[in-house]
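**Student:** What follows is the residue order along each chain.
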Amino acid sequence: MVPSPSALGPYTFLLVGKAPEARWPMVLEQALAPLGHLYIVPEEEAVHAVSERAYDVVLIDAGAVQDVVRLMTHLRAQQPRLRIVVVTASPTWQQSREVFRAGAADYLRKSLDKKKLRDQIRAVLEMPPLPPYPMGQE
Amino acid sequence: MPRATILFADNDPDFLRIRSEFLEREGYRVIPAANPAEARQKLEGERIDLAILDIRLEDDNDENDTSGLVLAREVARTVPKIILTGFQTPWAMRDALRLQPDGLPAAVDFIAKKEGSEALLQAVRNALHFGPGWLRNAIDGATQRLERDYDDARRQSRMNYIASLIVAGLGILIIFVGAVLAISGMVALGIASAIGGIVTEAVTYLFFRRVDLANARMDRYHAEVLQIKRFENLLAACDDLSSSERREACKEKVIDAAAAFWFECPGAE
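Those protein sequences? They're chains A and B, same order as listed. Read in order, the letters of the first sequence are residues 100 to 237 in this note's numbering. Read in order, the letters of the second sequence are residues 347 to 615 in this note's numbering.
Some hints here could point you the wrong way.
[Claimed, not checked] Not close to chain B: a few residues of chain A, all C-beta gaps over 12 Å, as computed:
id, residue
1, Leu134
2, Tyr138
3, Arg169
4, Asp218
5, Glu225
[Unchecked claim] Just so you have them, the derived chain B footprint on chain A, three or more residues with Cβ under 8 Å:
id, segment
6, 182-192
7, 202-211
[As the list claims (entries may be wrong)] Straight-line C-alpha distance at most 30 Å; calculated DSBU-like pairs for lysine-lysine:
id, chain 1, residue 1, chain 2, residue 2
8, A, Lys209, B, Lys459
9, B, Lys575, B, Lys460
10, B, Lys597, B, Lys575
11, A, Lys215, A, Lys117
12, B, Lys460, B, Lys388
13, A, Lys209, B, Lys460
Hints in this document: simulated from the structure, not taken from any laboratory. This structure is a prediction, so every number in the text was calculated from the model and none was measured. Note that beta-carbon positions come from the ideal geometry of N, C-alpha and C, so glycine has one too.
Next comes chain B alone, as it looks inside the complex:
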């Protein structure tokens, strides 16, 4: 599995170096940043899995400095962020962890510097578990399971179809033999053979039922593929709109509607 890349922004060079070295020893690739501008540039320009941002990135002595939090709110919204602080107030925590209008919090966790490196490491592990990397892995895993299930349904359909053809042929043959025996004077044996043939045909029906069930499973997958195609077409139609504002608003509506349809909360009406 590739190493996760962490952007670590802090204006205290010693703290930045010590914590970066610690995280590198734990197996992460760390990109350091010493100020908000540098952090912004790297968040926008590089592939970052997680950002750790000191809340006072400009001036530790300015209690109004929340530049790290501002950065978390404004830049690379899908990158999970951890806010670090040397000054613990519940209201900074609230600003960081409360949901923003786009449905994501500014940060996924908030750690005090004095809580130490182990607390930071635990927060990093949690954030990476629930961040986009985790989401990607979950989607990949689900896709693989669906593909396996689809292949299994197709194989079952094919095997049962072949089996049903063979058994149907066999049943007809047994009935035919029974009829020949009956005509030849072996009436009892002929009737028994015909009954055997009819039972064999009943077994054929069971195989056909299994073919039917496997086909129904595949039909459900085809319906899902159709839904996804419709979703892609709607998004493509949004791209044809003239202004970027209308494009974004259109995409938001499509995604909201699709999310409401696909991720409907269990238990909700």
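Isolated chain A, as found in the complex:
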């Protein structure tokens, strides 16, 4: 049984992306430190990680995974109301639509501004519960 997400914090976050020693994951880890703990896994370990533990927010680094929408589908099959945030260095209109149609809670540009990052993730934590199916999709 997957443990419940934390109601009032400290929160647990999962970043699906590159190695923790890369620059942006380190920035994100520092940004989220006041809110809780960030775990980092590569794409191939993401589904297993989500099946083992209920994360408050899962962040997907769009530049570090092969197929963002496919990964989202697999993650939401594990936890239908999982809050997924897709982060990217080069946002596009098409990708934005695809990830929201697949049920993303947010789509963010990779920022080095820690306060901005923290505020954006805090806003996701404050969002109402997500619908358990992708909206606008058959």
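Following the hints, position chain B against chain A.
**Tutor:** Showing chain B alone in chain A's frame:
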């Protein structure tokens, strides 16, 4: 099935006419609107199943004009909306499709005008499928299935009850005949008859079990009806509060609690 009514708002009259005619050919009833005020008035005043809103409803040359999106966020929140744009930016998409504090996104889809009429038509079909119309149909369908199941449980209960009475009477009669035969000297036949009567009584027990199961099914429905009545009473109690703000806050709490109880996510603790 009645035609879905679509509000189509765009400040480009040619585009509005061409796309409206296309959607009408596809079987929809289209109400056009040429500016935000007109769109707002129709969204508030008429029964609309879906709204298609151009994001720049006031001035196509003003990149800060998001009047269509503002309208989507503020007016008729339960009407699904599709935002149209001639200027594709990921951040407008984000503003449109991200959940708002009330738990609904401003729009259910976002289409670029240059994607053409077929892309718009597909978005319309998806939006109507998942919009309130779809929800209404799903609820109606579920209600019909529940009513059929309840009638079936009641019929099973009645039939099994009658069958159990008949079989119980028959069993007693066979035992009585067995006893009479035994007294009359036909002991073997009497014992056999009595055993037959006892077996018949055992069958009666099986019928009673089925009556019991059917009654338990009906009890579950009665419990659900009770829950719904409690929910209605709580909402009615909210209506008795003095200020409209407190009324809305109270209703929100009741609905949240009921939704958490009824729509608990499978797999969640």
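**Student:** Find the hints from earlier in the document that the structure breaks and name them by number, from lowest to highest.
**Tutor:** Violated hints: 5 and 9; rest satisfied.
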